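> Make the full structure from the sequences, and use the hints.
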Amino acid sequence: MKWFLIIVLICVIMLIAMGVSEQYKDKFDFYSNLKSFLNQFKLNLSFKQEKITDFLKNTQGKKYFKQFVLAYEDYLSTDIINLNKIKVLEQSEATELENIIKNIGKHDAKNEIKQLDTFLLEIDNKLAKAQEDKNKLCPMILKLSLLFAIGLAIILI
Amino acid sequence: MLKDYLDPEIYHLIKKTFNFDDINEIRMRTNAKLIVVIKNKKYYLKNDKGDYIVANKVMIENFIRRASENSIYAFNDSIINGYLTLPKGIRVGICGNVVSDNNNIITIKEFQSVNIRIPHIIKNCSLSAYPYLIIDNEVYNTLIISAPGRGKTTFLRDLVYQMSQNNLSKNVLIADERTEICSVIDSEPMINLGGFCDIYSNCSKKFAFKNGIRSMRPDIIVTDEIDLEKDLDCLLEAMNSGVNVIASIHAKDIKELRNKSGFENVLNQKFFNRFVVLSDTEGVGTLTNIYDEKLNCIYCR
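Line by line, the protein sequences give chains A and B.
Heads up: the first sequence at position 53 corresponds to 172 in my numbering, and the numbers run straight through without jumps.
Heads up: the second sequence at position 34 corresponds to 288 in my numbering, and the numbers run straight through without jumps.
No lab work stands behind these hints, which were simulated from the structure alone.
Just to be clear, a hint being listed does not mean it is correct.
[Said to hold, decoys possible] Simulated crosslink set (EDC-like; lysine to aspartate or glutamate; CA at most 16 angstroms straight-line):
hint : chain 1 : residue 1 : chain 2 : residue 2
1    : A       : 229       : B       : 331
2    : A       : 221       : B       : 323
3    : A       : 225       : B       : 331
4    : A       : 245       : A       : 215
5    : A       : 154       : A       : 236
6    : A       : 255       : A       : 169
[Said to hold, decoys possible] Facing chain A, from chain B, some residues (calculated, C-beta under 8 angstroms):
hint : residue
7    : 327
8    : 330
9    : 332
Values in this document were obtained by computation on a predicted structure and should not be read as measured data.
Ideal Cβ positions, reconstructed from N, Cα and C, are used throughout, including at glycine.
Below is the structure:
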């Protein structure tokens with residue numbers, strides 16, 4: 120029974136650790152989806168010039184990026200935007216993205232592309248940071264949690 | 255219809271104060287009172303406290319943003335021509351800071367004012383002119399003349415509709431340069447012009463005349479706001495192809511029309527057989543006079 124409880128405890132700790140590290144992966148995925156979205160939109164501006172509403176309809180995304188697309192669509196119909204509900208974003212990041220959204224679609228194609236390039240630079244920085252966090256923190260959290268779990272198990276034994 | 259574009263507060267005030275079906279224009283100018291035009295009379299919009307509603311930069315920007323569905327880039331071709339077209343033929347005139355590069359207009363930004371023009375279908379408004387313009391199934395080349403906002407386009411629309419109602423089975427090509435005659439959204443005309451119309455919208459008259467004659471075999475070409483000098487080639491192309499033209503032009507009356515450059519040439523070459531003058535003496539689109547090709551008045555109010 121004792122051994123069983125110890126194994127359960129280790130599993131629980133590891134699951135929590137995986138959940139925490141998953142956030143970093145999700146954040147990286149979110150920014151990488153956002154980058155590809157902005158790049159696709161840039162292409163759209165150069166050729167098809169589809170309206171943003173139609174463009175969003177054809178945009179696919181998973182998890183948090185899907186929430187972003189839904190929030191964007193909401194903004195287009197209600198003028199109200201709130202990205203705070205996207206868990207992987209910090210308050211400042213959410214505000215920054217909200218400003219980006221508010222500025223998209225306000226210019227002619229040429230200036231829109233110029234503006235998107237600036238946005239893309241910002242997103243690139245965030246993507247690099249998210250990747251760094253993912254590469255460094257994810258394995259570290261897992262390792263530390265494993266050590267903690269083993270330590271706890273030893274104490275309990 | 256304008257609910258999706260106007261600020262909710264403004265929309266509700268207008269709806270509360272006026273009947274939307276009567277409104278001809280809504281004008282918003284930065285830092286000026288918002289004006290609603292009904293039958294050429296101007297009314298200032300007031301809020302519940304009785305204060306005048308003053309339009310501001312944000313209000314105008316938001317309106318254009320919504321009208322362009324947050325995609326100014328997708329509408330830039332019409333913005334550089336100073337207008338946007340909304341569903342149901344609503345046209346929005348835009349003024350602001352014109353950005354150009356080497357004499358090419360790139361866009362308009364820092365919008366200063368908008369004029370929302372709401373088209374009205376005045377059923378049968380062309381009926382009294384109809385017998386003078388179409389005789390024995392033959393359509394006369396006709397020029398509709400009136401000052402801006404006096405119902406030229408409404409008259410054109412009704413004339414086309416009446417032709418179809420009278421089973422005048424002629425192919426009508428609409429060269430709708432500014433999508434005023436009949437806006438087409440998702441391939442569907444927003445205004446019923448009858449079943450004999452082919453519509454080129456958002457393209458130059460030159461393109462519509464040249465390609466339309468070649469590919470659609472029209473019997474009649476209907477177009478709005480022609481320029482007697484610039485569009486002369488288009489008229490020539492139609493006349494030399496045996497295609498009739500019904501067009502409109504800005505001028506208060508025949509006297510003003512005669513002062514327009516290019517008119518004498520058009521008159522001498524007998525491009526048009528009928529000149530229809532409209533005014534707003536008894537409401538928009540009042541038929542005032544019809545002249546023949548020698549400018550003899552054959553209908554006088």
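> List in ascending order the numbers of the hints, as given earlier, that are violated by the structure.
Hints 6, 9 are the ones this structure does not satisfy, whereas the remaining hints hold.
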